[in-house]
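Asker: Read top to bottom, the protein sequences are chains A and B.
Residue 82 in numbering that gives the first Met the number 0 is what sits at position 83 of the first sequence, and the numbering runs on without skipping anything.
Residue 108 in numbering that gives the first Met the number 0 is what sits at position 109 of the second sequence, and the numbering runs on without skipping anything.
Check the hints yourself; a few may be wrong.
[Said to hold, decoys possible] A short, non-exhaustive set of chain A residues, derived as facing chain B with CB atoms under 7 Å: (1) 96; (2) 100; (3) 143; (4) 251.
[To be verified] The following residues of chain B were derived to be distant from chain A, with all beta-carbon distances above 10 Å: (5) 88; (6) 204; (7) 246.
Hints in this document: simulated from the structure, not taken from any laboratory.
Using N, Cα and C, we set each Cβ at its ideal position, and we do this for glycine too.
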Amino acid sequence: MTTKKFKYYATGTLSLALAFFVFVVPFLFIIVNALKDKPEAALLHFTWPSETHLWENLIAVVEARDYMLITAFINSIILTVVAVTGLVVFGAMVGFVLQRRPSRWSGLINFMVLAGLIMPPAVVPTIWLLQWLGLFKTLSGLILIEIAYSLSFSVLLFRAFIATIPRELDEAAILEGAGPFTLFFRIVLPLLKPVAVTVIVVQSVAIFNDFTNPLYYLPGAKNATVQLTLFNFQSMFNTSYNLLFMNILIITIPPLIMFLFFNRQIVEGMTAGAVKG
Amino acid sequence: MNIQGKKGTRRGLAAAYPSWFYLPAAIIFGVLFLFPTFASLFFSLTRWTLFQYSFIGLDNFRQFFSEPFLVWGLVNTLIYAVVTSGSKVVLGMLLGILLTSNVMVRGLLRAIVFFPVLVSTIGVGITFTMLMHPTNGLINDVIATFGVKGPAWLTDPRFALLSVAFVDVWKGVGLATVIYIAGIVSIPAEYYEAAKMDGANALQRFWNITLPLARPATITVIILSLIGGLRSFDLIWAMTKGGPGFTTDVVASVIYKQYQAGFYGLSTAGNVVLFVLVAAIVVPLSFALNRKEVEA
Chain A
0 MTTKKFKYYA TGTLSLALAF FVFVVPFLFI IVNALKDKPE AALLHFTWPS
50 ETHLWENLIA VVEARDYMLI TAFINSIILT VVAVTGLVVF GAMVGFVLQR
100 RPSRWSGLIN FMVLAGLIMP PAVVPTIWLL QWLGLFKTLS GLILIEIAYS
150 LSFSVLLFRA FIATIPRELD EAAILEGAGP FTLFFRIVLP LLKPVAVTVI
200 VVQSVAIFND FTNPLYYLPG AKNATVQLTL FNFQSMFNTS YNLLFMNILI
250 ITIPPLIMFL FFNRQIVEGM TAGAVKG
Chain B
0 MNIQGKKGTR RGLAAAYPSW FYLPAAIIFG VLFLFPTFAS LFFSLTRWTL
50 FQYSFIGLDN FRQFFSEPFL VWGLVNTLIY AVVTSGSKVV LGMLLGILLT
100 SNVMVRGLLR AIVFFPVLVS TIGVGITFTM LMHPTNGLIN DVIATFGVKG
150 PAWLTDPRFA LLSVAFVDVW KGVGLATVIY IAGIVSIPAE YYEAAKMDGA
200 NALQRFWNIT LPLARPATIT VIILSLIGGL RSFDLIWAMT KGGPGFTTDV
250 VASVIYKQYQ AGFYGLSTAG NVVLFVLVAA IVVPLSFALN RKEVEA
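Next comes chain A alone, as it looks inside the complex (with noise of 0.2 Å):
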């Protein structure tokens, strides 16, 4: 064996071990705590079950508190699919004009993007703006909040990836006599299906795990997002580690399931929108 190659199995070798060891274990950790009885998951040990639970510890974790899990997938759901939904629409539209048609709002609207990225909500005077509006706890609300808090990722993402779409085929559209909508709707949208899906990817994944605006802005049990079910788990099931690992597991799911089919399209577009934006 050449040296060469040595060091190419090598340095994968022990590469390959340390990344299972730091990332891999924790994960495995959650797996076999989820699998086992209460008193077993109590000890907090990395071994494997003397007798695996997952249909009753699954079942458990559904049902507990009036099937608070349903509730709270389904709420998650509904919040996820249509905050992304808006914000692919209005991000693009956004994004959309932007490039195209620089004016003197321009550089304001530019700084209102960057504004949106980098400063802090200011969250209670929200909150009463909410219940004014009479959104505060509701899935309205916590979706707009979302939609607003996103809006300037997206539009970045758009804006850039519109800038590489020929205006030439704008102009064309134009002269068929297609409107402002049409050429909009029917001709650019569907081009920018590329970036319409990491948006979709990594904004599903982030206000799926969002924690922080649910707690403040829709709480109570029975509006409860999987964030927060996992929240209110841990301090009703004080020493039940098995549910509460089992409820990790379940609710790791929905981003397990994008990870495996856009992993690629993630990465891309992470790195597209953060090193160009």
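Position chain B against the provided structure of chain A, taking the given hints into account.
Answerer: Relative to the frame of chain A, chain B by itself:
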């Protein structure tokens, strides 16, 4: 079309790219982000019950800066942001170099490092709270096999903040790595070849080529992780709730605690302090970093 005057062209543009496309986004952003931000400047100067307010000037800020535990929150925020950001730059760059080199199972390694980015922060926080348990936790079990007694990671005031920062890095380093991978891949291979011909060793190539040319990636990682670090709340809330004592309280957790306690004016003042902190650090830094890049 080509005989249209300037005015006509502008009208043509306006028709094809109408300003009302800004409207839905502008309304949502203006009402739910900008308006509360401006309102916070006012309400931070009041004693406030959400229904009534009385104007008290700078008293909230005076209180904020005179209560030791609130000032701790500010100091902790800075420590947390600097530690996480610095670690993500160093580790992200090392991992980026490793994962762009010709290494076995590269794709799998990239996936493993990136996956935690997508997982629930609260889930990660709870899991690491268990892994960091002083007597039963896996981390101290492993350390014990080397004959060393591990510290009480989250309950010892000396370690608690850094322990949470460690988990933040564990979860977020994948994003930094991906940004570095993109930055390093875009460096032309010819530079390395030329340097090799001139007899530069690996360290010299890293120092003179990779490090300066990966600069845009470094800037992105620093800015993103500083913004994230200064605003961080969920991981700290999941792992320590600001304890033991107030040793892991950051501005964002102070804001939440004051809100829960009903001190809305004080909580909003905390918010204003956080804006100022973020703006004062991130805006000049991004200007400085980006300007140097142009000069180079």
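Asker: Which of the numbered hints are not met once you compare them with the structure shown?
Answerer: none
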